[in-house]
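Line by line, the protein sequences are chains W and E. Mapped onto this note's numbering, the consecutive letters of the first sequence carry residue numbers 1 to 213. Mapped onto this note's numbering, the consecutive letters of the second sequence carry residue numbers 1 to 213.
Accuracy of the hints is not assured; some may be wrong.
Any copy will do: because identical chains look the same in the list, a pair fits if it lies in one copy or spans two.
[What the hints assert, rightly or not] Straight-line distance between alpha carbons at most 30 Å, and here's what the computed DSSO-like set of lysine-lysine pairs gives:
1. K128 with K24
2. K145 with K61
3. K67 with K134
4. K141 with K74
5. K24 with K153
6. K33 with K119
7. K33 with K153
8. K165 with K145
9. K128 with K48
10. K141 with K14
11. K145 with K33
12. K134 with K153
13. K103 with K128
14. K145 with K119
15. K48 with K14
16. K74 with K33
17. K48 with K33
18. K103 with K134
19. K134 with K74
20. K33 with K141
I should point out that these hints are in silico values taken from the structure, not numbers from a laboratory.
Protein chains: 2
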Amino acid sequence: MKRIPEVTVERLIKYLRFVEEMEKDGMRNLTAKQIAESLGLNPHLVRKDLAYFGQFGKRGKGYETEKLGETLRKIMGLDKRWKVALVGVGNLGSALLRYPGFKERGFDVVCAFDTSPQKIGRQIEDIKIESMDKMEEIVSKENIKIAILSIPKEAAEEVSDRLVKAGVMGILNFAPRYLQYSYPFRVLNVDLSLYLESLTFYLENDGKKNLSM
Amino acid sequence: MKRIPEVTVERLIKYLRFVEEMEKDGMRNLTAKQIAESLGLNPHLVRKDLAYFGQFGKRGKGYETEKLGETLRKIMGLDKRWKVALVGVGNLGSALLRYPGFKERGFDVVCAFDTSPQKIGRQIEDIKIESMDKMEEIVSKENIKIAILSIPKEAAEEVSDRLVKAGVMGILNFAPRYLQYSYPFRVLNVDLSLYLESLTFYLENDGKKNLSM
């Protein structure tokens with residue numbers, strides 16, 4: 001059994017974003033070709049990706065936009081809301097607690113933890129900051145499966161081990177330490193430099209007239 | 001002339017990360033097949049992506065790891081250092097100023113701007129926070145081409161317009177407002193929810209035994 005590669009999942013997310021945009025624009029039907037063109041992909045690949053999850057397109061007609069959106073949300077687990085724990089309420093953690101995009105996409109940060117006595121008991125955006133001593137208890141009681149780590153790298157491994165033992169299955173890691181867990185646990189290690197690297201590609205190459213693919 | 005699609009640039013970045021990992025591990029040669037397998041891609045696609053930038057692989061032998069890394073860094077504009085301006089020193093901006101990954105990848109945040117009198121004149125990681133009134137002057141004097149925006153969405157458009165007029169070509173936008181400029185300017189709008197969405201895909205599907213591709 002081959003596992004679904006990360007690049008495929010990234011494509012599915014992009015399909016969904018595009019489909020939702022088209023839904024807002026009132027497009028009732030979409031073809032694999034249109035999706036492919038908007039993302040610079042091969043239509044064959046788009047058809048293959050989507051066909052894997054069942055036959056929901058019609059030959060020659062493409063996909064119903066609304067149904068495709070629903071199906072993709074279901075495939076991605078985005079047809080329901082997810083509870084999220086945030087660990088580490090420093091600068092980045094505070095910013096993430098205030099980040100409006102999570103709620104919009106179905107993610108509710110329901111608890112936040114820190115070690116600093118100055119922070120424990122304070123509240124950000126309706127979330128009371130709790131002591132990390134209570135982390136396992138709360139995460140397990142609330143049945144939380146996703147955690148965001150915004151802590152110093154020195155603490156990353158210990159804290160993520162504790163989260164996994166408390167029932168967390170997926171970790172979004174902003175700590176600059178590469179974390180890895182074997183199946184069925186998942187870690188996404190965020191590397192913000194990647195964004196700058198794709199910017200420089202364009203800055204470096206946009207001036208070159210002969211650049212085409 | 002077709003433009004290089006974003007997904008291709010993302011693949012190039014991934015190739016480079018993998019090649020650098022293999023370089024560290026002492027692998028002197030790499031085949032397109034090895035790169036493809038590590039990323040869940042088709043070897044044909046990897047060969048096509050790389051061949052576009054010149055023939056630097058050898059038939060049957062693959063690529064010299066070191067040379068491939070050098071070439072990719074050059075293609076991506078990562079063979080030199082880039083000066084970066086950061087605008088908005090709130091929670092997220094402060095976290096980004098302290099983010100060690102930028103410097104490691106060749107990006108030097110050399111100036112930071114804010115509107116708050118409490119912040120102007122203060123220093124974070126050797127960077128003195130300047131008034132936004134001085135933004136154009138400093139950005140243009142320092143010949144800065146890249147800016148990171150971590151400001152409220154209400155200010156995003158006005159500030160990015162000012163940056164572009166001052167000579168900035170690429171903007172990494174963390175403000176939750178979609179920004180767009182036409183060629184040759186580039187904006188990357190960061191959506192941190194995307195990370196959570198790919199986590200939920202796995203959490204949703206890992207339990208399904210028949211999931212394979």
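Against which earlier hints does the structure fall short, listed by number upward? Hints 1, 2, 3, 6, 7, 9, 10, 11, 19 and 20 not satisfied by this model.
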